[in-house]
Amino acid sequence: MTRSERKSYTLREIAERFGGEVVGDSAARVTQVATLENARPDTVTFLANERYLPQLKATRAGVVILGTALREATELPRLVCANPYAYFARVSGLLNPSRQPNSGTHVTAVVDGSAMIAADAEIGPLAVVGRNARIGAGCIIGAGCVIGDNAVLGAGVRLHANVTIYEECVIGDRVILHSGAVIGADGFGIAMADERWIKIPQIGRVVVGNDVEIGANTTVDRGAIDDTVIEDGVKLDNQIQVAHNVRIGAHTAIAACAGIAGSAKIGRYCSIGGASGIAGHLTIADHVEISAHTIITKSIDKPGTYTGAYPFEPNRNWRRNAAQLRHLSDLADRLRALEKKLAALERSES
Amino acid sequence: MTRSERKSYTLREIAERFGGEVVGDSAARVTQVATLENARPDTVTFLANERYLPQLKATRAGVVILGTALREATELPRLVCANPYAYFARVSGLLNPSRQPNSGTHVTAVVDGSAMIAADAEIGPLAVVGRNARIGAGCIIGAGCVIGDNAVLGAGVRLHANVTIYEECVIGDRVILHSGAVIGADGFGIAMADERWIKIPQIGRVVVGNDVEIGANTTVDRGAIDDTVIEDGVKLDNQIQVAHNVRIGAHTAIAACAGIAGSAKIGRYCSIGGASGIAGHLTIADHVEISAHTIITKSIDKPGTYTGAYPFEPNRNWRRNAAQLRHLSDLADRLRALEKKLAALERSES
Amino acid sequence: MTRSERKSYTLREIAERFGGEVVGDSAARVTQVATLENARPDTVTFLANERYLPQLKATRAGVVILGTALREATELPRLVCANPYAYFARVSGLLNPSRQPNSGTHVTAVVDGSAMIAADAEIGPLAVVGRNARIGAGCIIGAGCVIGDNAVLGAGVRLHANVTIYEECVIGDRVILHSGAVIGADGFGIAMADERWIKIPQIGRVVVGNDVEIGANTTVDRGAIDDTVIEDGVKLDNQIQVAHNVRIGAHTAIAACAGIAGSAKIGRYCSIGGASGIAGHLTIADHVEISAHTIITKSIDKPGTYTGAYPFEPNRNWRRNAAQLRHLSDLADRLRALEKKLAALERSES
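Chains as they are written, first to last, in this note's numbering: chain A, 1 to 350; chain B, 1 to 350; chain W, 1 to 350.
Hint data in this document are derived by calculation from the structure and do not stem from the laboratory.
Treat the hints with care, as some may be off.
The list cannot tell twin chains apart, which means a pair is met if one copy fits it or any two copies do.
Listed next, the in silico EDC-like pairs over lysine to aspartate or glutamate satisfying Cα-Cα at most 16 Å (straight line) [unchecked claim]: (1) Lys199 <-> Asp232; (2) Lys265 <-> Asp232; (3) Lys302 <-> Glu313; (4) Lys298 <-> Glu313.
All values derive from a computational prediction rather than experimental measurement.
When you get a sec, could you build the whole thing from the sequences and use the hints?
Shown next as structure tokens:
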């Protein structure tokens, strides 16, 4: 959308739509969001963290969204609310509506005659849609996407370019898949016999709920026998690996480069840090937060934050300390021996 | 394949094919595999781990595959054998035969006139095959795949959609490549001069042996000068990075998200855990097992299991302990000093 | 390029071009580079590390590039210089010139009528170029690439097959992007309200400088509001994740599988190891080196090498030591208590 086509909204119109308290000139009009640093008079910015108060002083924004505690932190026209970050998200969504489908199938797309494509769906150039696949109302299928036989996409799904969905997989409504995502590749199922690996056919599907977003180059493997399941509202960042038979509970968010091993069950509303890992067959309770670069090797049955990252240091210090780490058990033994000796000495003293 | 087209097999027919002892009704007939929990009377399931004995009691399966020690653990018709997991793999392969090629080149594929394509190979829609590339008998090339100039694919190779194979690379027989895999991109070869990086042309190839499977979005870089080599029977999960000039020994299996740095040589029958790493120029012996989230920084010359993952804890505990980790060397020094003092004290006592 | 078409160069011609001292037969003629082990008389090899002196003795190379200190380490015709690895890089570039574009747009490519394509650019088969996109002089766009609306590519850009560039992104001159790379996918911006995630539109771009190389399946997210920036000369290996609003300083090199979290600012001439991570909103100074498998959780304001990888051990040893790690803080407390007791004892002795 070019600037000239942009809709604009006054502070009053925004408050009418999303609530909150207007302070200052309610006729202030904005066309776009901006950061505190780069805001201009026709943009709206936000403050969610007191750390950025100095930037607030200097901002040239036309409107600021901020929390009740900071109501008087600026003289600019402002919207005061309980959750300024979420409020900002809504305003940005209003100012940057997602693209609507240009109904129809591009002449270069290859759509099997048996596929069912909603009339208002958009199938982009050089996309491929397999036999008996179903594409719901309002879907946008990007250039170069490949949708396997019998796959089902709900309504309002957005596939960016070059997404691959294997046969039989099911995608809910309003799901967003980014480029390079692969849904439904075979899980890593092999059995050793006579010194050779035998492949175990992966006959489950991937079933993705509604309102899920899956990042670029993330992979979600199909189930070995039963399905791999991504529940409603799950948000997966880029380059995440979800192995076969995993279940990810609703509204859980996982940061980039995390890996979830086979058959792990993750609860609802979890928050899983970047490059972390969950070992296979574990169960993680609801509302668990896992720190970045942490590997979880046992099930977790209580909410809370769990961490296991090696603290970094200048290499020279690390070398000294890490070397000792290999003797930690001996060190503990020696400490225990010392404690005993000292106790004996104290007894002999008294 | 729809249910109605499925072949079915009796327990007796299965035993005739794969061996093992039939106990109970040998005419029991199955059409598909299932998990213990979701099995129905026309499915076959398996028990490879005593942990699942409770599920065995409740299963509705028509046939169970299980080990000799558990021969009497169920009254259902059963197949008793030494390695039930591998047996199950074979039975599932029988019930779920891999797709056969629909010979021919899709009208939308772009195949260079100089490429040699086996008569019975299938080239999918919108695939690209470069100059002088060779595609062996029975290959299936998925939609959107790009096969570079002079690349060679053996017989029975299966490329799922959107695989990329760079020029000159060689792929053996019966290799499976999953979507998003990239074979033969340039290795990371750069040299610094005058404060600028100079690119080192990567002129080696990737040579992949027979019966290799490579997961979704896994990358295998071409050699800098000589080749990168993946030997026969190697199994690579998703999102693995194999750098230039690596050699991976036959029948080694690597779990998702692992990274193998340049020129590392990995032995045969190794098992490498998820998100682990092997530093460059190392040599790893045969039959080495590396745990998940472990980085190997020295060569390993003996079989065995090697681990180096930070144990996770509730964040509060981790913070306390990790802080001490930075003082571990001092702590060891202080312990040594205490030992000396105490020894001196003991001497003065005696 | 087939062998028969290869240009050859004499040692003298090479020295005239790139400098250095010729020792031995300056008419020695080479057509290709080789490793010490596999060199033949018509190839040139190099020695950058004394560790490989034994291989030098046995090499059959026609010409060797080596450092001044090793001038007499071989009797073969040789080029003696200060930085043999960089010199080798230049010679290999001479012998292996990068492919020139075959000007023109492949008949199967889908190029929007509003796109501006330089006359000598090559647009490969089944590539897609969006509305108002601009492709500079001498670009090579590989098969299956998708370039979004309003994206801008400078001169001499090389996209290997199946690269995706989202709308609005800007790529500098002489940039190389490998297959599966995704530039400009949405950053991971979500805000929780009423127990649901709200998506924050990602309206920034990715801006990539000149002479950047980005590896296979690497992802660089567009900025949330402002841009994500990759400065000139940055080299990114495969499967790296660069989150929204990151800035990577000029000439920094990052090894495979690293992850840079949102809004991190990385300096110039940094070297970041494989599978390492930089937490969000940090600032890393110029000339910082980060070891593999290390997560950086605080800003670094001084050059140097920083490390935080858990040292691996045979699993049995690891189990013993890692178990103690969970008691490290207690262990330190006990040590302190012992020190106090012993001091008291010493006082009472004296």
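Checked hints:
no.	hint	verdict
1	Lys199 <-> Asp232	between (31 Å within a copy, 14 Å between copies)
2	Lys265 <-> Asp232	within (15 Å within a copy, 34 Å between copies)
3	Lys302 <-> Glu313	between (31 Å within a copy, 12 Å between copies)
4	Lys298 <-> Glu313	between (28 Å within a copy, 10 Å between copies)
Hint violations for this structure: none, all hints satisfied.
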